[in-house]
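Visitor: Numbering-wise (the working numbering), the sequence shown opens with residue 1 and increments by one.
The reader is advised that the hints may include incorrect statements.
Unchecked claim - Label-pair restraints from in silico Cβ distances: (1) Asn22 <-> Glu64: 19 to 27 Å; (2) Arg14 <-> Leu123: 23 to 31 Å; (3) Leu122 <-> Trp67: 42 to 50 Å; (4) Thr8 <-> Ser101: 32 to 40 Å.
As the list claims (entries may be wrong) - Once the Cα atoms are required to be at most 20 Å apart in a straight line, the calculated EDC-like pairs of lysine to aspartate or glutamate come out as: (5) Lys96 <-> Glu64; (6) Lys34 <-> Glu57; (7) Lys34 <-> Glu45.
What the hints contain is simulated information worked out from the structure, not anything from laboratory work. Because the structure is a prediction, the values reported are computed rather than measured. Glycine included, C-beta positions come from ideal geometry on N, C-alpha and C.
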Amino acid sequence: MTRLIDSTQETLLRRFVEGNVNDLEKEQVRAILKKVVDGSLSEQESETVLDILGDNEDGFEILESIWLNQPLGQALASTPILDDDASERIRGGVVKRIRISNTMGAAVRLGTTGFGSVASSLLKPLIRKNKWESRRQRRRRRR
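Start from the sequences and build out the full structure, keeping to the hints where you can.
Guide: Structure follows, in structure tokens:
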């Protein structure tokens with residue numbers, strides 16, 4: 001059986017994970033990841049690529065964009081069966097992204113609530129000017 005992923009491409013993927021690639025090499029990595037998505041790699045080669053990517057954020061973003069850009073109606077490759085370590089690593093990456101997303105949503109909610117509280121406390125003296133008058137001023141006005 002002919003291997004589609006050779007040691008040179010594995011080295012390129014490892015350099016990509018380390019962040020030591022130029023734009024042309026990023027396109028080569030993208031081509032490798034496209035092979036994972038379209039199913040032209042064997043299960044073992046797909047597992048190798050996913051193992052090398054590990055928790056690399058950029059790699060999974062490229063994979064996600066390739067999956068999302070698939071034409072409608074095109075059959076997607078079957079998901080390779082991963083060993084326990086690889087599936088746990090991918091699951092951990094997904095859980096991490098969900099937690100980051102939830103944390104950012106909570107930060108935005110707290111920020112808007114905090115801003116609303118500050119804005120209302122700064123505007124109260126301007127809006128309710130009569131409540132801040134002294135008793136003497138109110139008595140004089142009544143007369």
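Visitor: So, for every hint listed, does it hold in this structure?
Guide: Here's how the hints hold up against the structure:
no.: 1; hint: Asn22 <-> Glu64: 19 to 27 Å; verdict: 22 Å, holds
no.: 2; hint: Arg14 <-> Leu123: 23 to 31 Å; verdict: 57 Å, violated
no.: 3; hint: Leu122 <-> Trp67: 42 to 50 Å; verdict: 48 Å, holds
no.: 4; hint: Thr8 <-> Ser101: 32 to 40 Å; verdict: 36 Å, holds
no.: 5; hint: Lys96 <-> Glu64; verdict: 16 Å, holds
no.: 6; hint: Lys34 <-> Glu57; verdict: 16 Å, holds
no.: 7; hint: Lys34 <-> Glu45; verdict: 13 Å, holds
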